[in-house]
Structure formats: C-alpha cells, structure tokens
Amino acid sequence: MLAIFATSSKSCAKGIERVMKILVPVKRVVDANVKIRVKPDHSGVDLANVKMTMNPFDEISVEEAIRFKEAGKAKEVVVVSIGPGKSEETLRSALAMGADRAILIETEEQLEPLAVAKILKGIASTEKPDLIIVGKQAIDDDCNQTGQMLSALLGWAQATFASKIEVEADRAKITREVDGGLQTVELRLPAVVTSDLRLNEPRYASLPSIMKAKKKPIEKKTSAEFGIDISPRLTILKTEEPESRKAGVRVQSTVELLDKLKSEARVI
Amino acid sequence: MAILLLAEHDGVALSEQTARATSAAQKIGGDIHVLVAGGGVSGIAGAAAKLAGVAKVLMADDPSLKNQLSEPLAVLMISLAGNYDTIIAPATATAKSVMPRVAALLDVAQVSEIIEVVSSDTFKRPIYAGNAIQTVQTRDAKRVLTVRAASFPAAEFTNSAPVEIVAAPADPGLSTFVSAALATNIGRPDLTAAKIVVSGGRALGSAEKFKDVILPVAEKLGAAVGASRAAVDSGYAPNDWQVGQTGKIVAPDLYIACGISGAIQHLAGMKDSKIIVAINKDPDAPIFQVADYGLVADLFEVLPEFADALP
Ligand SMILES: Cc1cc2nc3c(=O)[nH]c(=O)nc-3n(C[C@H](O)[C@H](O)[C@H](O)COP(=O)(O)OP(=O)(O)OC[C@H]3O[C@@H](n4cnc5c(N)ncnc54)[C@H](O)[C@@H]3O)c2cc1C
Chain R
1 MLAIFATSSK SCAKGIERVM KILVPVKRVV DANVKIRVKP DHSGVDLANV
51 KMTMNPFDEI SVEEAIRFKE AGKAKEVVVV SIGPGKSEET LRSALAMGAD
101 RAILIETEEQ LEPLAVAKIL KGIASTEKPD LIIVGKQAID DDCNQTGQML
151 SALLGWAQAT FASKIEVEAD RAKITREVDG GLQTVELRLP AVVTSDLRLN
201 EPRYASLPSI MKAKKKPIEK KTSAEFGIDI SPRLTILKTE EPESRKAGVR
251 VQSTVELLDK LKSEARVI
Chain L
1 MAILLLAEHD GVALSEQTAR ATSAAQKIGG DIHVLVAGGG VSGIAGAAAK
51 LAGVAKVLMA DDPSLKNQLS EPLAVLMISL AGNYDTIIAP ATATAKSVMP
101 RVAALLDVAQ VSEIIEVVSS DTFKRPIYAG NAIQTVQTRD AKRVLTVRAA
151 SFPAAEFTNS APVEIVAAPA DPGLSTFVSA ALATNIGRPD LTAAKIVVSG
201 GRALGSAEKF KDVILPVAEK LGAAVGASRA AVDSGYAPND WQVGQTGKIV
251 APDLYIACGI SGAIQHLAGM KDSKIIVAIN KDPDAPIFQV ADYGLVADLF
301 EVLPEFADAL P
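For the protein sequence lines, the chains are R and L, in the order given. Quick note: the first sequence uses this note's numbering, first residue 1, plus one each step. Quick note: the second sequence uses this note's numbering, first residue 1, plus one each step.
Hints in this document: simulated from the structure, not taken from any laboratory. Given the structure is predicted, the values throughout are model-derived calculations rather than measurements. Do not rely on the hints blindly, as some may be mistaken.
[As the list claims (entries may be wrong)] In silico lysine-lysine, DSS-like type, Cα no more than 25 Å apart, as pairs:
id : chain 1 : residue 1 : chain 2 : residue 2
1  : R       : 164       : L       : 66
2  : L       : 281       : R       : 238
3  : L       : 195       : L       : 56
4  : R       : 35        : L       : 274
5  : R       : 35        : L       : 66
6  : L       : 274       : R       : 262
7  : L       : 142       : R       : 262
8  : R       : 246       : L       : 281
9  : R       : 173       : L       : 66
10 : R       : 262       : L       : 56
11 : L       : 66        : R       : 262
12 : R       : 21        : R       : 164
13 : L       : 195       : R       : 246
14 : L       : 142       : L       : 27
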C-alpha cells in the first residue's frame, strides 16, 4: 500500500510520501442548539431527554481525516470515544461519515481532560498514528485542554486552532486562528492538531454509508485496561444559572437610540 | 507560595489582558511573578514591572521564544514551575495552547477560563457556552488556571518591580514558525480591551458592505469591531473579530449588535457587556432578549444615520 502511494506520488522526489494513519477522538455532547437547564438542587446540568450529538469540533476533525484519506494521504482513519455506552452512536456517526474503524472506552464517570488525554496516550501507543486531530474544545465543559495535554504527554508537536492542514512527507503545515489573525507553523510528525470551526464543513452521511457503518468494527475496551489513575482532580461544588439579563426597551428611531445612549446610559 | 503569571503580549506591547489576570492573581494571594517570554521583550518586561501587586518580573528573552510556540514555552514554564503553587495566565490563544501542556507535564488538572476567585483553590467558571456556572475546587498540589480577562478589572500600572533574567531551556524543536498574517485592526482598539464594540452579522451580506456600514460607526465611536461566526465564515470579517463561545469574550461598556440574531454561541461572548444595543429587522430575534436598547429596523438605514449623527 505504502509503496504504491509512494511511487505514484508527485512528491516522491522529496522523499517517501507518508501515507498517514489518523486518529480522531470524538465526544458525545449535548446538541449545540439545545438551551440547557441547571438542576434546581445545583448538582449539575439536567441532561435527561436532551438531544445528544457528536461535539461539532470533533465532526470537523473526522471530516478532515476523511478528506486526507480521499486524497490518498491517509490509509486509515480510526475514531475513538471515551464515555458512556451511548457513545457508540457517536462512533457510528463517525463511521458513517467515512472513518474505517472505532474504539470505545466505556466509562460512566465524567472524566476530566487530563484523564482523557492519558487514555488517548495509551491508545496512541498501540495504534501509532501519524496525526491525531482533536476538536479544539468540547461544547459542554468548554475546557479546551485535551489535545494540548495529549501532545505534551506524548512529547509530540502540537498546533491548536487549525483552519488549514497540509501534509508533505514527515511534516505538517498548519494555519492557526490566533488572537491577532492567522499564524502558520510547521510540525514534525507525529503530531497533535486541534481543529477550529473554519477547517472545513463536515458532510452529512448518506443513507448507504449509514448502512455500511453498521458493519464497521467497534472495538470495546475499559479504562481499567490502561492501568492509569483517572480519578478526578477537581471537585464540582455547585452548578448555577448565570445571572440573567432582562430585555430592556425598544426604541423607535436612530435619533431616539442616540439620545438614550447619550443621556440615559451615558456610554457615548 | 508564589504565583507565576504568564504575560500576554504580541512581541511589541504588553496586552491589557495581563493586567486583568494580575488582579485575579491578587485575589488568590501570594507573591506574583510575571513571566515575560519572547524575543526582544525588554520593553514589555519593563511595562509588566509597573503592574500593581507584582513582586518581580522574570524575563526570558530568546530567539526560540519569539513566536511563543507552545512546546518551547511549556519547557520554559516547567523549568520555573517548582517555585510556584499557582500558574496562571489570561485565556488568550497563546495561553490556551500552552497552559494545558504545562498542566499535563506537571500531572495536574487545569481550570479553564475562571470568572471568579472564590478562594485560593476554588473558582467559578462558565460551562455550556456560559449557560451554567460551575464552582470547582482543585485538589492538586499545583494549580494551573486560565483567566477570562473580561471578568476581572485591570490592575493599575503604578509599580516598579525588579526584572530578573531567566534562561530559556533548549527548544525541543518539534515545530517551527512559518509565517503570520496579523494586525487587521491597525488604528482601532483591541477587541478585548475596547470600551465600545460594534459588531456585524450575516445580515451585512459582503465584506464591502461590512466595511462601508460598520466601520464608519466604529471609527466615530473609537470602537473595536466584532463579528458573528456567520459573518466570519462568509468572509465578511477576519477570524480574529469573531465574538462568542469559540471566539473572543468581550465585556465593553457598550456592545452594538447589528444584524446578529443572538444565537447562544454568540451571546456567550458578549452578554456581560454593560449596555447592549440590538439593531435587527426581525422583532423576534433572540438578541432582543438581552438588549438594553432594541431597534427593529433595517441596519442599512440605521447605521449611516447613526454615523452621520455622531460628531
Ligand atoms: C460549535 C459552535 C460554535 C459556535 N461559535 C460561535 C461563536 O463563537 N460566535 C458566533 O457568533 N457564533 C458561533 N456559532 C454560530 C451560531 O450558532 C450562529 O450560527 C451565528 O452566531 C449566527 O450568526 P448571525 O447572527 O450573524 O446570523 P443569523 O443567525 O443568520 O442572523 C442574521 C440576523 O440578521 C437579521 N437581519 C437580516 N437582514 C437585516 C437587515 N437588513 N437589518 C437588520 N437586521 C437584519 C436577521 O433578522 C437575523 O436575526 C457557533 C456554532 C457552533 C455550532
């Protein structure tokens, strides 16, 4: 497989073209359109009967990996989810998008990013991917940590907030969305890249690919198999509603708006 | 023990967000040492030394740190970490990239984007795009924290702390800087520090109209310019203008949302503004639920009138 790609590739003059194995972690989260509610006893967020989907940033990561495969730059896309049994649905969606196989590490505990990164490190050590594409944040806990932690634990290069990924031989060129605009960096592979919104627009899985995905393998493991300490480091003392804003007044014209901003709000 | 605070800067000037993170660090308590890492940063270190409450500035001035890539920056911070029980930084793109690396290498949790210091080990932070606020306590020996700058006042520049030079460890050489396309906001205040923000959404329809309609109002008000994700995705505005859950978090005195519907992900980035104005054609747009002043109108009529009426 590798030899075929290497000889057919234009860039073989620069060395052996790398045909990557890509690992993509995916998380099952509350759908982005759901307005969540805090439990009245402040013990957490009420997730009963709430629509769940794949974290949008993970969807972008899966899409990117599949595009590399379609372009002949990846030979295999492996997706992995660490979470409750129902994460199998999330993995099936990734398989329906085009991932080749899946790994589910079933746990009913809410794992913190550090624990997730440690398990992913364990998976990376057996799977030996060339590239791991991680969503930049999960839209439930909004932590924005897992990819960076994983990269640190592996001692690999990292590029966060990617809006473009190009791979040539053993290097990846990443365009990143940073506070002042865009920054381009080059990473030595293997590496961890975290995806931002504008990396791509994920596809919708077609019906035939959804059917096909049902037959793709999902390997099940438990967190205990990794022999690492995944106990929480943080204690959640309470979860509250944010202070709510009340709607103010409607103004009828630009003149009235300007007047209110000057004489009532005194902000201009 | 002491607090190590990673300064945010762009290689030219110290960011105001560093001053805000300093006041969060003051609430935690302990000697605050500000780390200024970069290439040619003595001026920035000098500015950091003026921050009220800072005991000293550590300056790591080395070409390998010039672009503040996460891998060498993390190695530097780990080389210093032994002396500190709290490592803190404003939640900027640089810090968001490096701090989890530092936390993982120290084998501790990170608490991201704190909005309140309850005590030295207990913090409030938003989850679910700010639709819930969690109070968390860390059990780790070292605390790694990022600070949502908009939630803290800026420390004043009244000090003259000593500046100490620290050596940069060898660059692990995992990544290299290629290029940057920065500074789309020349002549305008920084989005996260501005007193007034004028933001445009999908309704603007094109980059030209965004420029023609939003910028004159922003210029007259001395305001920063923001945008919704839809406006950025469509190419009407650059990525660094995006406000929201996955963009910048702002809390100016005045936020003017023009042709923005008010999706939860957008509200997450601006709902702590003091005064919110919404200009939208649709009387049922959710943005009106958080607006102090709402004007149901066509922004293409309102904004030119608004700009004309301003001095
Ligand atoms: C994971 C994830 C992360 C996201 N992160 C962000 C984020 O950080 N920031 C963000 O903004 N969004 C974010 N979004 C997207 C968000 O859900 C919305 O899609 C987006 O904010 C909509 O942008 P908009 O309000 O400009 O567009 P629309 O929702 O299309 O609203 C356009 C508005 O303009 C009004 N309008 C049209 N013409 C006129 C006119 N002539 N005059 C006046 N009003 C007019 C319409 O009535 C409408 O209300 C995210 C989404 C996801 C899934």
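Consistency of the hints with the structure:
{"no.": "1", "hint": "R:164 with L:66", "result": "holds, 23 Å"}
{"no.": "2", "hint": "L:281 with R:238", "result": "violated, 40 Å"}
{"no.": "3", "hint": "L:195 with L:56", "result": "violated, 30 Å"}
{"no.": "4", "hint": "R:35 with L:274", "result": "holds, 23 Å"}
{"no.": "5", "hint": "R:35 with L:66", "result": "violated, 42 Å"}
{"no.": "6", "hint": "L:274 with R:262", "result": "holds, 14 Å"}
{"no.": "7", "hint": "L:142 with R:262", "result": "violated, 48 Å"}
{"no.": "8", "hint": "R:246 with L:281", "result": "holds, 20 Å"}
{"no.": "9", "hint": "R:173 with L:66", "result": "holds, 19 Å"}
{"no.": "10", "hint": "R:262 with L:56", "result": "violated, 43 Å"}
{"no.": "11", "hint": "L:66 with R:262", "result": "violated, 44 Å"}
{"no.": "12", "hint": "R:21 with R:164", "result": "holds, 18 Å"}
{"no.": "13", "hint": "L:195 with R:246", "result": "holds, 21 Å"}
{"no.": "14", "hint": "L:142 with L:27", "result": "holds, 17 Å"}
Violation of the numbered hints given earlier is confined to hints 2, 3, 5, 7, 10 and 11; the remaining hints are satisfied by the structure.
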